[in-house]
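Asks: If you're matching them up, the sequences are chains A and B in order. The first sequence begins at 65 in the numbering used here and counts up by one. The second sequence begins at 531 in the numbering used here and counts up by one.
No lab work stands behind these hints: they were computed from the structure.
Derived CB-CB ranges, DEER-like: (1) 160/A / 689/B: 55 to 63 Å; (2) 86/A / 817/B: 34 to 42 Å; (3) 376/A / 690/B: 51 to 59 Å; (4) 153/A / 764/B: 31 to 39 Å; (5) 646/B / 136/A: 49 to 57 Å; (6) 582/B / 211/A: 50 to 58 Å; (7) 594/B / 537/A: 48 to 56 Å; (8) 211/A / 606/B: 34 to 42 Å; (9) 518/A / 764/B: 38 to 46 Å; (10) 537/A / 590/B: 57 to 65 Å; (11) 398/A / 680/B: 52 to 60 Å; (12) 210/A / 568/B: 30 to 38 Å.
The beta carbon of each residue, even a glycine, is placed where N, CA and C say it ideally should be.
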Amino acid sequence: MECVITIEIGTSAAKVVAFDYHGNEIVYKKGSYPTFHPQPDFSEQDPEQVFITVLFVLKSILNDPAFNKKYVVTSICLSSAMHSVLPVDNKGVPLGNAIIWADNRADEIANELKNSSVGKQIYQNTGTPIHAMSPLAKITWIKRQDPKRFEKTSRFISLKEYFIFQLTGEYMIDYSLASATGFFNFNTLAWEEESLKFAGVDKSYFSTPVPIFDSSLKIKDTFIKSLRLLPNTRLIIGSTDGCLATLSSGVLNDRQATISITSSGAVRTVGKECLTDEKGQFFNYLLDKNFFISGGPTNNGGVAFEWATRLLGYVDVTNEFESSFNKILNEVSKVKPGSEGVLFLPYLLGERSPIWNSDARGMFFGLNITHEPKHLIRATIEGIIFEILSIGNAIRKYRSFDYLHVTGSYATHPFWAQLISDIFGMTVSVSNYRQSSNLGAAMVALTSMGVYDNLESAGDLVIKGIDLHPSMDNNKVYDKYHRIFESLTQKLGDEFHEISKLQNND
Amino acid sequence: MSSFTLNKEKSAELQAFPYIIEFERVKNSSMKHRCFEVEKVKYFSIYFFLEGKFEWMVNDAMQHFFPNDVLIAKPNETLGNREGMLEVGLFYKLSLEIENFDEDDDFTFGKWTKLAESDMKIICKLLALKKPLILQDFRKGIELFQSLEYELMNEEIGYIVRVNSIIEEMIIKSARAVSKQESHRFDFQKMFQKLDLMLRENLSHHWTVGEMAGVVGLGNTAFTEKLKYYSGFSPLNYLINLRISESIRLLKTTNISMTEIALETGFYSSQHFSTTFKKLTGYSPKIYRKNSL
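Can you make the complete structure from the sequences, with help from the hints?
Replies: Given below as structure tokens:
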């Protein structure tokens, strides 16, 4: 039977899934790799380890007789996390580790650019928020702060491009990943002059941008042999995790927003137009010429919940977090909406959308003598979702969605999904397939191969999950709390700044 | 309780125990100056605190010690008081000879112990890797040190076996406590990061699953299961991936020979390296190097 292989090069692991032409999963395997923090602000990954891990996982699927006796791989399609930067020399040899999205070393550079008129223009042309996560800020940082490394650098690529280079010997980048660099003009589909000028580089540092359906890359013979692939196996360049997870909802119009909560979170919408506002608060990534994935990311998703459960002693020391998950939610579901008057501002890791303030910090507000740990845990979850509602409200000024789709390990949990539905006051469809980026990649592959005419019709292979409907009574309660939530966030601007200064010992 | 010192050179009590360099109880009733500067540690030493509060620098970081705390200082680490003074208080100190101390800070204990070779390896690895090695509120310590003192001072019948076994027990209990400390703060992501770092720093070591499990304080089966669930890798496959990643870097960025790369990244021979490398990447290391030049 024919099948497609999808590879997601994610933040913590490489995930490989084989799908049949109807979108059914045949096999799933993953391999994790660590993130290094040589300094508190730094987040790096070892490019060789990422490459070897992908290869290892891929091989263990393809060389398994249970798989290769039954299935023929017709194409391989790629997905990856956005914003990683890996400098390589003229032979393609990495100069140190890859700097990944979570890295904050370029914070100052981003702030400098954000407040300038050039920065505003760059945002209007590239759609990528001016932020430390953006390769624009990171590459500028390398040029200014690490000139020795810069001098040896012949190209700046991402971990995905490094994988492609190893596999094919070519430097190529898809429009989606390119549109997350801050260097890519989404009108001309070419590298943006103003960004290049600001960073002090030229376009020779970057790979050739191609549409996500591109299958012109040829896998080297050695890999064809060692992976036991057919010589004509197509390598489809694919897209990024954020774009593909949104695609995997199966709906490509602006009536719906996709909410993803993993350790971080995001609200994403699909539209024909770019969503660039004055404040520069939304990201815009190009899925295809006709589709912009626009929205806002939050730093504080499941990570804040996990922090709170550990802090309040909910996680059994001998057990992993996941095994305590249901037990915790069981207890907090008995607490009334609004957590009997406790509010939580979830800004433990600073915040991106919608306030874009790396100085923001967390807070429990409204504590009184009767509150117990369970109230604080519920408040934590509500706070995380209030933040997502704030992002959603900002987007709704431009795109009038009234239906939600949820993905990610937290958001798809029934308790969380129902809270999202109640807090937004909207119907929520819960995706029942976890590897959403891989599913999106399969949709791109099957479209590229002509099995489907376009991405909209590829949506047919998405199996609809259950719909949850909001309780409007709860919604009214949450609305009152969310007002306090927003006004607290707004009022605390100066105090966030002061306390973070103390925490950083400046 | 007063101070005493038994010393390998001077004390007849230690004659039967050539591996004990020093055993003392230090009682300090007033601050002493210029007697405890920060210095490199010479011998494997176990400190057990009985009274007082001590603020010592261990490997350049300030640590606070309260009664019932244990500090195990190992050669090459640094220890002392920042102002060079010794605070008021009471503690035991036992210094032991260790063998086969190498540049990775690995070591073994001498023939005096009855520890099986594989146990010895894991116990020593646990003690070597944990820096600084501090056991808070280690209440078993008082009894062990008091019996050690009693046996050495009184030399009653059978005391040689007793002394050896008490010290053995101290070592085993410390290693177990280290192991438990790790699993107590159980957080698999952190554990994975820690394991990864440990493997990277000692890539040339021929790790066994038991040693890896020991590092994170789990039994072999639980460790393998949890790692597999969390990372998708069996312990040995994860190790092989790290070895190949590192060897790729060395192939690309250095001129060192295949044999050296093989040994440095923990393969048994260049042959073993070459087969494993080709199996995963499809290339022999030689061709791989040629292609990336």
